[in-house]
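Trainee: Chains as they are written, first to last, in this note's numbering: chain A, 1 to 354; chain B, 1 to 354; chain C, 1 to 244; chain D, 1 to 227; chain E, 1 to 227.
Please note that a few of the clues may not be correct.
Below, in silico cross-link-like pairs of lysine-lysine (PhoX-like), each with a Cα-Cα straight-line distance of 25 Å or less [claimed, not checked]:
1) A:K328 with B:K294
2) C:K147 with C:K93
3) A:K27 with A:K239
4) C:K19 with E:K67
5) D:K6 with C:K71
6) C:K147 with C:K22
7) C:K234 with E:K15
8) E:K15 with C:K22
9) C:K181 with E:K222
10) A:K258 with B:K294
11) C:K233 with C:K82
12) B:K258 with A:K179
13) A:K113 with E:K222
14) D:K6 with B:K113
15) B:K179 with A:K239
Just so you know, these hints were derived from the structure itself, not from any lab. Being a predicted model, the structure only gives us computed values, none of them experimental.
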Amino acid sequence: MTNEAIIQLKDIDVTFHNKGQTVTAVKNVSLTVERGDIYGVVGYSGAGKSTLVRVINRLQRPTAGTVEVNGQDILGLKPKELRVARTKIGMIFQHFNLMASRTIADNVGYPLKGGDLSHEERQEKVAHLLDLVGLTEKAADYPAQLSGGQKQRVAIARALANDPEILISDEATSALDPKTTSSILELLKRLNRELGLTVVLITHEMEAVKEICNKVAVMDAGEIIERGDLVTIFSRPEKPLTQDFINTATQVDQAREKIFKQARTLGLDDHHRLVQLQYVGASTDAPLITELYKRYGVVSNILYGNVEILQDTPLGNLIVVMTGEPDKLSAAWQYCQDAGISVTQLQPTDPEVA
Amino acid sequence: MTNEAIIQLKDIDVTFHNKGQTVTAVKNVSLTVERGDIYGVVGYSGAGKSTLVRVINRLQRPTAGTVEVNGQDILGLKPKELRVARTKIGMIFQHFNLMASRTIADNVGYPLKGGDLSHEERQEKVAHLLDLVGLTEKAADYPAQLSGGQKQRVAIARALANDPEILISDEATSALDPKTTSSILELLKRLNRELGLTVVLITHEMEAVKEICNKVAVMDAGEIIERGDLVTIFSRPEKPLTQDFINTATQVDQAREKIFKQARTLGLDDHHRLVQLQYVGASTDAPLITELYKRYGVVSNILYGNVEILQDTPLGNLIVVMTGEPDKLSAAWQYCQDAGISVTQLQPTDPEVA
Amino acid sequence: GKSSSSKTVKVGIMGSDEKIWKPIQKRLKKQGVNIKLVTFTDYNQPNAALTNHEVDINSFQHTYFMQQWNKAHKTNIVSIGKTMRAPLRLYSKKVKSVADIKKGDQITIPNDSTNEGRALHLLQSAGLIKINNKLALPTPKNITQNKLNLKITPVDAAQTPRSLSDAAGAVINNEFAAEAKLPNSETIYKEKLNKASIPYINIIATNKADKNNKTYKKIVKAYQSEQTKKLIKKYYNGLSVPAW
Amino acid sequence: MNFIAKYFPNAVTMKDEFVQATGETLYMTFITAVVAGIIGMAIGVGLIVTQPGGILENRVVYNILDKIVNLCRSIPFVILLAVIAPLTRLIVGTAIGTTAAIVPLVIGSAPFYARQIQNALSEVDRGVIEAAESVGSGPIAIIFRVYLREGLPDIIRSSVLTLISLIDLTAMAGAIGGGGLGNLAINVGYSRFENDVTIAAMLIILVLVFAIQLIGDLWARKVDHTA
Amino acid sequence: MNFIAKYFPNAVTMKDEFVQATGETLYMTFITAVVAGIIGMAIGVGLIVTQPGGILENRVVYNILDKIVNLCRSIPFVILLAVIAPLTRLIVGTAIGTTAAIVPLVIGSAPFYARQIQNALSEVDRGVIEAAESVGSGPIAIIFRVYLREGLPDIIRSSVLTLISLIDLTAMAGAIGGGGLGNLAINVGYSRFENDVTIAAMLIILVLVFAIQLIGDLWARKVDHTA
Ligand SMILES: Nc1ncnc2c1ncn2[C@@H]1O[C@H](COP(=O)(O)OP(=O)(O)OP(=O)(O)O)[C@@H](O)[C@H]1O
Ligand SMILES: Nc1ncnc2c1ncn2[C@@H]1O[C@H](COP(=O)(O)OP(=O)(O)OP(=O)(O)O)[C@@H](O)[C@H]1O
Ligand SMILES: [Mg+2]
Ligand SMILES: [Mg+2]
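The following block holds chain A by itself, in its conformation from the complex (with noise of 0.2 Å):
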């Protein structure tokens, strides 16, 4: 990986105006994806991150800023250079714009057409980009006769067709199902490492994020309110919004209520107490609850628990009951933050009945 800025956005700003109203879309953004990142955009819905990449291949001019894209200012293009810049930009549509004149390998193949490749290289190529996605079999049909997760594999498998430097992905996986968008983010990993590709990734699935993302922007009413790397953001999110992305999506928010529900039944008194662990990296290589055990005599039982690996790095983030003689309990407490976890001590307050 380089460190070569491929997209460099800078001042966007883009606005609607419909009939009297306008909205602004996008505020202000400036993001950098260097060529080989797969760099997820997340934020809530409208927030404008398909209008924002939009913008990278000119199909949205922005208001105001400069787009520069392989080191060309793609605002300044003239219509025949950006066509060929646009070659090298691959795009996948939130809603597919399939053709619905053409059959699923024509739809394929759309993008290979006028190319330098011969009818037999092209249909080598679509049979081999429709096996990639797994739907060697719909060849013939047309778009209206596959279901809306088929349509979307067709998206993709055009979208790469033209062997694109940049992939830009609206939204590629939300109509699979957790096995095909995993083969699906399989493959668009595997494009990166082999061929350098680089990758802007629309999702609201944060498990995808974490899957293939190393960089993440967090998006809210048109601006990039939090980006950084993946550990970083995933483990110590900065904005209340980013957290709660990564908490509804470990369910850890969810949990929490419904341990808050069933408090009463923990019997929690001095002897007992409800914390939240989070910790990053190394310190799971230490086997910490039964460390907190051997030490203080400490035990811990979990409620919930996720434990995960991000880019080689664990990430934990625990909720457990602590037993153990109170003062042993506060001991233990200051083992963990000496350890470097965060611990947050829960009150169960009466659960509130959402």
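Fit chains B, C, D and E with the ligands to the known structure of chain A by using the hints.
Mentor: Just chains B, C, D and E with the ligands now, kept in the frame of chain A:
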């Protein structure tokens, strides 16, 4: 929750004929949904989920089989009766199917047209629905001006406008960010609880299933291959496909793979064992890891963990390295098994390069 | 044409005259003159075609129309022979005589300009209206006196016989009256065969330069024959009469 | 004024005729548009809903409508004028005059409009129809609240096309004494070699055509919310 | 045969005329369809791509095309015949006859077809155009590979409509000696009160109309893959 069947599909076949080709999208499916159920339907892209649910309100006439909804033989209904029956079945379409010519408010209010409500009542109801899905600001906009997720929320609001008894939701949250998804699921759960709304929920987001479904059916190639209540399906999936979905969703597969890659660094030998522990329900209440140390001096380090609460039942899935004397390890193993925990020893083969 | 010695002569006619011209064509062929009949439906076309030498002679108009045409288009089209005299008639299915025409009745007239003017003149001479006589091609707007307050409606010439069921009277061109096989009993007024009607004698016309063309004269002669007389009698049943 | 007198020597003397002809054209066009509009719309919608796969699929009705439309469209207008004279008489009491012209104009343009409507509505998204069906909308509701509403931009564009063709067609109304600008241009201007009258009449027609097109375009753009 | 002789007394004697008129109608219709088809298609596509928001947005070109189309559509056909006679002479050497009729027929129907094409193509999904743009397709590729392809079912339906209108229009070709079935029906049958000739000519036209509609419907259904 009564045990009255509200939807009963029996031996449903759906075959499409397109220019010589025939595709059997649904094969011999029987499904009973009881009043008050939130029935999840999951399966590969193209498995026949959308086609199946379209049979419920006869948008798709099955090639064979019977459909009973609310005690009525749907296939035998006269057009007028069918229309009345349909007003009680809300449907959220995978492709939204919004009317481009109507504002958001008018789209949501569409089902109320020609009903008994006065103009004011209708407006009020629409305003309330828009508020529920967080689109009050967009009331006067047209679908073309909305983002993907916003469109989807309009479709959700529209499906609820008629106060249906049954809601068929085809990937209703697939374009939504985690936070919005969560709030929509909350909403459905509340309607279910408070008004007894029955929901058939097609989704590929296993989190959504976990969060609100009480039953799940898994479809593959047109057939339902497994079904049952949520906890059973998630704790003891029988079919490989179901296991796959669950594992992919909890990312246990990915975690295992990553751990295997680092296996060498774990220094596994007689004194270390890499095991996967899976348990359901009460077993989690016992502080397992502490217990293993207390009893056998076995230290467990959690490399990956997922402990969650489904329908008030905790479900655990841990990958740990257990460290201790070989005989103690075996004893610990036995202890786990006696406690009803499924233990699997993981044998990291040379990590395959995926 | 087939003949190499003489070129084919193109004759512009109205479609309804084909039955008169077909036998002539046949006879001429025996004499070594090839003619090609070009049929029109619009009075404006045959003269334009003549000037542009797309036809060599035409036979559809009366002298009056030719004069008007020459004036308007600054052309030199001349007559090389008379064909028929086709007096206009006022028909009615509703009344027996002109005197029976009541106040406010409707009368239809052909809407092509020359027949329209001619029909108005006819109505004037029948004493129904008065028109501004100075105008070459009067229209109902030029009626100066209309005591009966008649509604005069120009319609397509082919419509005039058909309008008899609606209007009190209709001024109908001969050819259409003949085609519609209107009984003589329905004629309530007829154009007088006097000096005033002379301009309405139909002619065969050509460009002035070809005035003396031998072949064309042969064609005129072939027209002005006994056989044609018989045909005119047969087809027009005395409504139109040979004018040579 | 001098300019007009110079280039339109005959036309200036015919102010009344022009006013009347314009009135006749507007009258014929308007009434025909309303009547043929309703009939054509009804038939077009009928074709759409009864066609194979339509919401009221009905092979028999579809075939009858389809054949009637084709039949009417096969008859040259001039002949239509004559053929339906008895019908015209039945409806308006006479077969000649401006009002009488409306009957053949309606029969001449309604089938054309029906096809236009059929084409326009066949573009309405099947999914949206299904969405309406799924909330219990009946055929009437689907026709009025979905087809005619979703298809509106295209219906407007097709209506503009039909309306302009209709103005063209009114020129033929002269055959049965219908008058109008087309008749003025042809039977007064053109037949009498008064080119200025022809041109003046055509200019007025032109203004009508441009106005209709402009209003139609603006309206279609206003109701088109697809982009 | 007896039946025919009984009900079509005049028509049976005119076999040659019918054969010739049918030939003329087919000839005029076919050639006009090809020429007006190409011109109308070009203008229609031109209108679509240069319209506000089109892929080659160009206010000037759009307005010029738009005005030309409106202008041509404002001229009654009979007058068009006369007005463009010089042009006709330039192109086919003569202003009368069947071939000469083709020039005004083209000018009379091309603008109409252009509007139809414009309407048909304005239904092509903007998103699909964007998808093509995003893979680097230029205007030519988008026109031929997207607009004309995605719009094909509607283009076919519009072409059927135009073609049938064109057959109607050829009836007017009689005015300049163009002949054809319409002319036979009007100037032989109708003008001469030989109703059987009119009916016979109309029956042949009817067969043509039905054939065109049928083929068009089948073809449109074949290329329509939206449902
Ligand atoms: N053509 C348009 N006219 C007016 N407003 C628009 C238009 N397109 C988008 N918007 C608005 O801009 C905002 C951003 O839209 P955008 O599609 O970029 O959101 P998004 O982040 O992609 O959301 P989602 O996750 O739901 O797809 C939204 O509020 C939307 O309503
Ligand atoms: N109209 C049709 N004609 C032919 N085949 C069809 C048609 N509709 C659906 N199919 C096929 O039927 C199968 C099931 O489609 P369906 O839409 O029910 O899948 P699904 O389970 O909803 O998938 P997804 O999760 O991708 O939406 C697919 O293989 C699809 O290609
Ligand atoms: Mg989006
Ligand atoms: Mg589906």
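Trainee: Compare the structure with each hint and give your call.
Mentor: Here is what the structure says about each hint:
1. Only pairs whose Cα atoms come within 25 Å are accepted, and K328 (chain A) paired with K294 (chain B) is accepted, the gap being roughly 17 Å.
2. With a C-alpha separation of about 22 Å, the suggested pairing of K147 (chain C) with K93 (chain C) holds against the 25 Å cut-off.
3. Straight-line distance between C-alpha atoms of K27 (chain A) and K239 (chain A) comes to about 18 Å, which keeps the hinted pair within the 25 Å bound.
4. Proposed proximity of K19 (chain C) and K67 (chain E) is contradicted: the alpha carbons are some 46 Å apart, above 25 Å.
5. At most 25 Å may separate the alpha-carbon atoms for a hinted pair to count; K6 (chain D) and K71 (chain C) meet this at roughly 19 Å.
6. This hinted pair does not check out: K147 (chain C) and K22 (chain C) have alpha carbons roughly 47 Å apart, beyond 25 Å.
7. Of the supplied pair hints, the one linking K234 (chain C) and K15 (chain E) holds, its CA atoms being roughly 23 Å apart against a limit of 25 Å.
8. Our distance criterion of 25 Å between C-alpha atoms is met by K15 (chain E) and K22 (chain C), whose separation comes to about 16 Å.
9. Only pairs whose Cα atoms come within 25 Å are accepted, and K181 (chain C) paired with K222 (chain E) is rejected, the gap being roughly 53 Å.
10. A C-alpha spacing of about 29 Å is found between K258 (chain A) and K294 (chain B), which places the hinted pair above 25 Å, so the restraint is violated.
11. The straight-line distance between the Cα atoms of K233 (chain C) and K82 (chain C) is roughly 16 Å, inside the 25 Å bound, and the hint therefore holds.
12. For the hint pairing K258 (chain B) with K179 (chain A), the CA-to-CA distance comes to about 17 Å; that is within 25 Å, so the pair holds.
13. At roughly 23 Å between alpha-carbon atoms, K113 (chain A) and K222 (chain E) fall within 25 Å of each other, so this suggested pair holds.
14. Taking the CA atoms of K6 (chain D) and K113 (chain B), the gap is about 62 Å. The hint is violated against a cut of 25 Å.
15. Distance check on the hinted pair: K179 (chain B) and K239 (chain A) sit about 14 Å apart at the alpha-carbon level, within 25 Å; holds.
Checked against the numbered hints above, the structure violates hints 4, 6, 9, 10, 14; every other hint is satisfied.
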